[in-house]
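Note that the protein sequences, when read in sequence, are chains C and R.
When you read off a place in the first sequence, starting at 1, and then add 2, the result is the number in the working numbering.
When you read off a place in the second sequence, starting at 1, and then add 135, the result is the number in the working numbering.
Simulated from the structure, these hints should not be mistaken for lab results.
Beta carbons are placed, not taken as given, at the ideal position from N, Cα and C, and that holds for glycine.
Please note: incorrect hints may appear among the correct ones.
Below are the DSSO-like pairs computed for lysine-lysine, each with C-alpha atoms no more than 30 Å apart in a straight line [claimed, not checked]:
#1 Lys267(C) - Lys297(R)
#2 Lys939(C) - Lys709(C)
#3 Lys267(C) - Lys284(C)
#4 Lys187(C) - Lys297(R)
#5 Lys323(R) - Lys187(C)
#6 Lys189(C) - Lys340(R)
#7 Lys806(C) - Lys607(C)
#8 Lys75(C) - Lys187(C)
#9 Lys189(C) - Lys297(R)
#10 Lys340(R) - Lys326(C)
#11 Lys340(R) - Lys187(C)
#12 Lys668(C) - Lys690(C)
#13 Lys709(C) - Lys690(C)
#14 Lys832(C) - Lys709(C)
#15 Lys223(R) - Lys189(C)
From chain R, some residues computed to sit far from chain C (all C-beta separations above 10 Å) [stated by the list, open to error]:
#16 Asp193
#17 Ala277
#18 His336
To list a few chain C residues with every Cβ distance to chain R over 10 Å, as calculated [stated by the list, open to error]:
#19 Ala21
#20 Gln141
#21 Asn155
#22 Ile395
#23 Asp456
#24 Val646
#25 Asn818
#26 Lys832
#27 Leu1001
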Amino acid sequence: MNESSPDPFHGLNPADLMAAAAMPTDGGVDTILLTTRDLPSLEEIATAFPDLEILDLIGHGGMSAVFRVRQPKLDRVVALKVLPKALAATPGFAERFTREGRVLARLSHPNIVAVHDFGESGGFCYLIMEYVDGVNLRQAMRAGRFTPEQALNIIPAICDALQFAHTQGVLHRDIKPENILLDSKGKVKIADFGIAKIISEDAGDAMLLTQSGARLGTAPYMAPEQIEQPNSVDHRADIYSLGVVFYEMLTGELPLGRFAAPSEKSAVDGNIDEIVFRALEKERGRRQQSAGEFKTQIEGLASMPASTQRSLALRFQSFEYKSKHTIFGRPLLHVTQGIDPTTGEKRVARGFFAFGEIAHGVFAFGGYARGWFAFGGLAVGGVAIGGLSFGLISWGGLALALLLAVGALSVGPLATGGAALGWNAMGGVAMGWNAVGGLAIAQHGMGEKVIAPDVVKSLAEMPRALQLMSEVSWLTSMGSFLWLPLMLPVSLVPWWARRQLEIGEGADQAAARRASARVFWLFPALALLCGVLWWMLLRWTTSGMADAARFIIPTVIGGVGCLLFVLSLPLWLRLVPMNSFYGVRLPSTFASDERWYDVNAVFGKHLTWWSLAVIAAGLAGFYQLPRHQDAYPWAAITLSLVAVASSVVATMWWMRQHPAGAPPQKKNRLASWSGQVVVAVVIAMFIKSFIAGAYKIPQGNEPGVAKNSHWFASHLDTGFASGDLILFEHEIGQTWTARVVERQPKGLRLKRGGSPDEFFVPWDKIVGKMLFSHFSPDTLKGGELRTPAKTHKVIEGTAKALEKKPALLFTRIQQNGKEWQWPVFTPQGKPVAADESRTLIARSSGSGVETQNNESCWLQLWFEHPDFDRHSLLNVEITGLGGQSLPDRDSAIAGASWASDKPDPPLQCLVVSPGRRSQLPIAVRIVLHYSIGPWEKRTSLPSDFSGSMVFGDGCLLAAFGDSHDHRVFISWTKKQDDVLYDAVAMLRDGQVLGSNGGLRARSGKGNLVERLEFPVLLREVASFDIRSRKIQSVVFDHVAIPPLP
Amino acid sequence: MTPSFHDTRWTLVSRSRGSDTQAKAALSELCEAYYAPVVAFLRRDGRDEDRARELAHDFFARLLQGDAINGADPLRGRFRSYLLSAVKRFAADQRDRAHAAKRGGGRIHAVIDSDAEQTGAGLQIADASVEAPDEAFDRQWALTLLARALSTLEAELRDSGKGLQFDTLKPWLTADGDATPQSEAAAKLGLSDETVKVAIHRLRKRFRDAVKAEIAQTVSDLGNVREELDALMAALRK
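Whole structure, please, built from the sequences with the hints as guidance.
Okay, here's the thing in structure tokens:
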């Protein structure tokens, strides 16, 4: 009993089912219809091939039958293709078959059905091939319409197979959908390579054996030359057939007669039309000349499959990107463009970072931007930058602000710009309460043309705000460069957001996302570029015209470096899509997409780093010494050329090491190391010649330069101040050291330590300036290095300002035993803030002075001279205005303590008492005795000296030795106090040590005794160098005593 | 399932003229399978469901007993035509007898039978909207055959563990694949688009095989399968 199940037809229409069942067969035998006389039966086959287990008949074409068989020996299922007996009997056929069979067996390619074996057995010519468990293209086309993407996925595989076979010299000649197999995993395999050639060579008789329909069936796929001159067919016939198949896949029809373009019949764009038409050219010279070329063209489209259409849509239509992360409920990043199709209104970007035509956010960028920081055409917000800007701080074409407005037309309480309107206004035209400008209309106005009741003459009388604005006005004009870096995120971030949408989700899309994030490296790159350009511009504007001429070449070099950087960085970041004119064009770069990107990334990387070196060379050019003016340009140009050449060589080497489509070769250490060595050498040469170098000083004539010391010198002109130690080329060819006395237009005035004479050296002999010393060999031997805690290195006096007199800057008075108070006063008695010197004064003052007499008051005097050192302030005399001595005065004098970290502060003090509290004069006369400048060497005193020695006029050695607290002391006497003597200890280990302090005292006979101490023991001292310098004095006639605090 | 290796059931029956056990078994299988068309015919012929069934039982019993129903030559042609002619004769006989029985009793009535179950042949109202019994038979035959083929296909697939494939891909047995995007099916089955195409093609092929195999069971000469298929297709369209 046949009970009907709920729905025996599963919801399908029975009539349709029957129709489907009745559909005609499709090339393969799937029913028991269509027997041909040529077709062998299974039994026949089984007899002819006793070693095989015949399973069933897969299909048959005009000339052959294919069976599914099993090879018991190998236990695998293969396909057995059998050619008709009649064919095998044709004379010469068997040899041809064997010959071709061998060729075919060599075609080993993942997209070609492999031939395992071939031969003759039981009267049949046969081939044993790979069994492909799947369908052929015809069946697949029937099963459903091919989308363009699917078609584009299959064609490149076919091209690969064809290209491979063609390079092996094998043509297919019978490309048609029945010969293209898709296995169950979707892999493409081409079958029956060359079979047509085996069969149709010598054409004629063999072909007649087929069914009448067989040959005609493939005719639409045959190239014209195949039909007309079959003997001259080459690989391009396969291209034609491929074109036909492609067309049929896209449109479902054959390109017969005047056929329509694929883009008219299916959803592909016009680029495919060109490829197809070209393949179908009657003249084979006009077709693609290789399957590889066909594939490249297809892949050029296939690499932008649906995403091209999508991105085209996105570019011109609307999209929206919201980041997953949120801050305070808003998305971190929200990018929009276009019109929301659901509401029909313009999209609005709302987020922490908002980008869009309308953007609201904390940081908003867009046409209409609103936020705490807004940048755009119309910007509203806290800080608004834009064409039209409203905000607390506004900057733009028309700027309205509640605080500060900067702009062409600016309105606000503080306004600056072309036309400024505000409470405090500054600009070309300034209107307000206080205004400064070309035309100032205000209550208080200043400027060229002023319309104001109160015309102000100096900026100092204007409110602080205006003074500030004028001080930073250069900043606002430079700051207009700010627009460029802000434009970058406006274009980059929407591009990035669109890429994220296109990529979608998925595992290997994570890599694509990371790849698209590489674009954000452009931000620091642009910052670097802007910095370099701004810096160069700054140098141009701050230098005089004379200097400007020599900036031209460095600017050009720097510009070339920037250009190389800009061109190479996108290649390195793989941001440039594959194209024919921008990028490396060496052979094999176009082998595949990936290859092109890889090669260009390598080239870009090398060239980017080199371009940084070129930029550095350009910047160094701004500081070149005149002697390098000729060599430098050539060197810099050479460096640029080397940069490009080296990048090309490195790229070619990389390409050799990483051939396309093959595994990379073993790393050749020698080659890569030698490459790096060459680069290092080139750059080191440039640096040594033009930037800096190392020098060794054999002799130690110059004070401050130890014997055999190694110095690092700069070859750049960074300004030569007096006292700087420089190197110059002597006439005899050696490089000597000297100190700068003065910089002159044509050279430097120098003085060597050995002689008192000064001399002039022109610029082209000046080698460079010593920067610092290191690794003096003597310090390295002999155990540990001394760590001087409170020792003082010897300071050489400089000749900066020998003629200048010290100035009395500040005074302060305080009672005995009380702490110093603020403020300090000028010698005229006015209080000053003394901000800059305040720390110095505080540090150097000590808390106060205390002696026995409580009534005494102490006057602190601060003197300044650029050349002061610790030996400078000696004595101060204080008298009344007429020179009379002051009564009841404590005669002690206190000096500064060395608490400051600068060993030689130009500001130092002495403390002296003007009298008692009750008897303070109104003003006093001060005479300062001081000593500055270079020392004169007197003599050298060996540490084992015994006897007496004269140091100078009236100065006699008194004694030297170890004191009770393990310090070395040396003392001398002198009659007059017009020369200052100092001793410097030359230690046995080569160090040079200054004294730690000392005493001066007057003996009863009027002699002065001076004593110095050093923090070493006598046995460590090799000798003492005695030096002296003149004591000078300066008189301050009228120094007002400030009021007691 | 290649029919060339097996004799069809009908061939068995026709060759042995229904006498040996094998043939009998074959015949009974056939009858079991194609019971529905007979019922359809009998219904269309003017009987209600229950009566039609009763008669069908009767008919098949006779057939299986080996009563050579006059006139039908099983050697030639197809089982369907054979069965149809047999049922026709049977039904005609049956009616005559029934009418005879009714008329039996000497009384002559020329009255319209109020019993709706038995509409006399002479009083058959030709209703254009209702199809002729022949057509009903053919139609039901085609439907039965189709259903059998489909269930065979389903069973085959479920046995080999591809039940989900069958369920997902069966809509494609008829349409040309344009209705639903294949990618959905691909996603559901966890296969790629190309693999789905291949699977659909296979399904269709198997279905066709199944249908043709079913048809082949009922024809003696395999060359007639095509004709039979066309005829059945035509029957379904009417």
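Consistency of the hints with the structure:
1. Lys267(C) - Lys297(R): 36 Å, violated
2. Lys939(C) - Lys709(C): 18 Å, holds
3. Lys267(C) - Lys284(C): The given pair, whose Cα atoms are some 22 Å apart, holds under the 30 Å limit.
4. Lys187(C) - Lys297(R): The hint holds at about 16 Å.
5. Lys323(R) - Lys187(C): With a Cα-Cα distance of about 16 Å, the restraint between Lys323(R) and Lys187(C) holds, given a limit of 30 Å.
6. Lys189(C) - Lys340(R): Cα-Cα ~21 Å, so holds.
7. Lys806(C) - Lys607(C): 57 Å, violated
8. Lys75(C) - Lys187(C): 27 Å, holds
9. Lys189(C) - Lys297(R): It holds: about 22 Å lies between the C-alpha atoms, which stays within 30 Å.
10. Lys340(R) - Lys326(C): 48 Å, violated
11. Lys340(R) - Lys187(C): 19 Å, holds
12. Lys668(C) - Lys690(C): 36 Å, violated
13. Lys709(C) - Lys690(C): 23 Å, holds
14. Lys832(C) - Lys709(C): Given pair Lys832(C), Lys709(C) is violated - Cα atoms ~52 Å apart, limit 30 Å.
15. Lys223(R) - Lys189(C): 56 Å, violated
16. Asp193: The assertion about Asp193(R) holds, with a minimum of 15 Å to chain C.
17. Ala277: 6 Å, violated
18. His336: 4 Å, violated
19. Ala21: The claim is violated: Ala21(C) sits with its nearest Cβ about 6 Å from chain R, within 10 Å.
20. Gln141: With a cut-off of 10 Å, Gln141(C) comes too close to chain R, as the shortest Cβ separation is near 5 Å.
21. Asn155: 8 Å, violated
22. Ile395: 54 Å, holds
23. Asp456: 82 Å, holds
24. Val646: With a cut-off of 10 Å, Val646(C) remains clear of chain R, as the shortest Cβ separation is near 47 Å.
25. Asn818: The claim stands: Asn818(C) keeps its Cβ more than 10 Å from every Cβ of chain R (closest is about 98 Å).
26. Lys832: 90 Å, holds
27. Leu1001: 99 Å, holds
Hints 1, 7, 10, 12, 14, 15, 17, 18, 19, 20, 21 from the list above are not met by this structure, while the remaining hints are.
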